[in-house]
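Asks: Listed below are the residues making up each chain.
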Amino acid sequence: MTVATPSARRAAVQLRHRRSARRLSKRQLADLREAVTLAQGIGDDRGYQYWAGIHGLPNPQYCRHGDPLFLPWHRAYLYFFEKALQDRVPGVTLPWWDWRDHSEALPAAYARARTEEGRKNPLASSPIQPAGRRQPNEKRTWRQPGDPSWLPSAEEVAQVRRNRDYFTFQNQLESIHNGVHGFVGGTMGYVATSAYDPIFWAHHCMIDRVWYLWQLDHPGARLPAPYLDLALPPFPMTVRETLDVTALGYDYAAATAAVPGTR
Amino acid sequence: MVDRFRSKALELPDPEHAFDRVDLAFYGVDHSSATYEARIFIGAPRGLRRDAGPDHPAYAGSFYVFGHDRCYGEEGHCHVPEERDPFDLRLPHHLEPQAEVVTVTAAIERLVAGGKRKATVDVIARGPEGEAVKALEFSRLRLLTYR
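So the sequence lines, in the order shown, correspond to chains A and B. Here the first sequence stands for residues 163 to 425, numbered as in the working numbering. Here the second sequence stands for residues 114 to 260, numbered as in the working numbering.
Derived by calculation from the structure, the hints in this document are not laboratory data. Remember, predicted model here, so these are calculated numbers, not experimental data. Note that the Cβ used here is the ideal one computed from N, Cα and C, for glycine as well. Just so you know, not all the hints are guaranteed correct.
Said to hold, decoys possible - On the chain B side, residues computed to face chain A include the following (Cβ under 8 angstroms):
id : residue
1  : 150
2  : 179
3  : 186
4  : 189
5  : 192
6  : 206
7  : 207
8  : 213
9  : 242
What the hints assert, rightly or not - Covered by chain B, per the in silico footprint, the following chain A stretches (three or more residues, Cβ under 8 angstroms):
id : region
10 : 303-311
11 : 340-346
12 : 351-363
Model the full assembly from the supplied sequences, consistent with the hints where possible.
Replies: What follows is the structure in structure tokens.
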């Protein structure tokens, strides 16, 4: 198995592509909304509330922040959540929110209260289970976008990607991540509740994408050996198993083109 | 916890030796309360305004803290152990203080080119609406020069 360096050479494997939230086709957006809606309707460990609760409330708050496991843990989290969505709508993938583009505060797919068909947009807000609330009356997620300067510029992201060692890269990318949480505000502004907001997943997909692009920039760069075989609870996955996104069945290529080979 | 901090003067890189990167590292940063931006200014005069930002000549960069808000467990749940058994293989406590590393090369280059040999570091903690946030707490600050 390929580890450490993501490899587009696994060409024989049918990868799924995570796409920009601003460039989803009507069908792709409809599939995502349907998957989230169906997951919201399930009250057990296949449902949206269960997955959102893993990050924060109810305790234990499994998420890793401020340490080198930040990126691997969230990559595993996205992977298993995406699998739960694919159980509802086969082939659906999580999109990424490119917050380097400040032309609109939030992607329209997530910002609009209603879909184009006039239905309630499941990406705009989510219920919060009673045990997941910071306050008893916080029954749904809410946002309060703040100072746009908290969103990173393209140059800031490029500077972070120029780091060659994992620790500094992770540290500075996590700081950008923190700023985006603070910018969205409301439910997203707190570790305990942030994953209930549907935009959490698009935000973290972008973080995961930047990590992937950094891996492409710096072949072989990764966490030091002592970290590689650490588990990432509650997920049955080690750090090493998160290093190659193509082994997890997805890619972030902006576009792909293929032609038949010799066979 | 405070909403602003001014350091003692830090020694800047020796102008006789070229450098290509300077990082400012904050160690032991608390993240148990609010989400905030820490705006960093190097070599600023006293009396820095609370709303000073990237257009200020002494602005060097920012880091952001994703706060845990408060403790959601019972008594002791968010108490970070002071000592750790070397055979304790569990992952660190979720509120273990963290480090923040901000690359401040351009700001240091300006100061050194201007003949400065020492400079103070100011940090202003702001919430998403620009409000003062008393959540800034860290144990040590270090300027790291690479050449």
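Asks: So, for every hint listed, does it hold in this structure?
Replies: Hint check results:
1. 150: Holds, because the Cβ-Cβ distance from residue 150 of chain B to chain A comes to roughly 6 angstroms (cut-off 8 angstroms).
2. 179: At 4 angstroms from the nearest chain A Cβ, residue 179 of chain B passes the 8 angstroms test, so the hint holds.
3. 186: holds (6 angstroms)
4. 189: violated (13 angstroms)
5. 192: violated (14 angstroms)
6. 206: Given a least distance of 10 angstroms, the restraint on residue 206 of chain B is violated.
7. 207: Residue 207 of chain B check passes; min Cβ-Cβ to chain A is 6 angstroms, inside 8 angstroms.
8. 213: holds (6 angstroms)
9. 242: OK, holds: residue 242 of chain B within 8 angstroms of chain A, min 6 angstroms.
10. 303-311: holds (count 4)
11. 340-346: holds (count 5)
12. 351-363: With 4 residues closer than 8 angstroms to chain B, the region 351-363 of chain A meets the three-residue bar; holds.
In the structure shown, a violation is registered for the earlier hints numbered 4, 5, 6, in ascending order.
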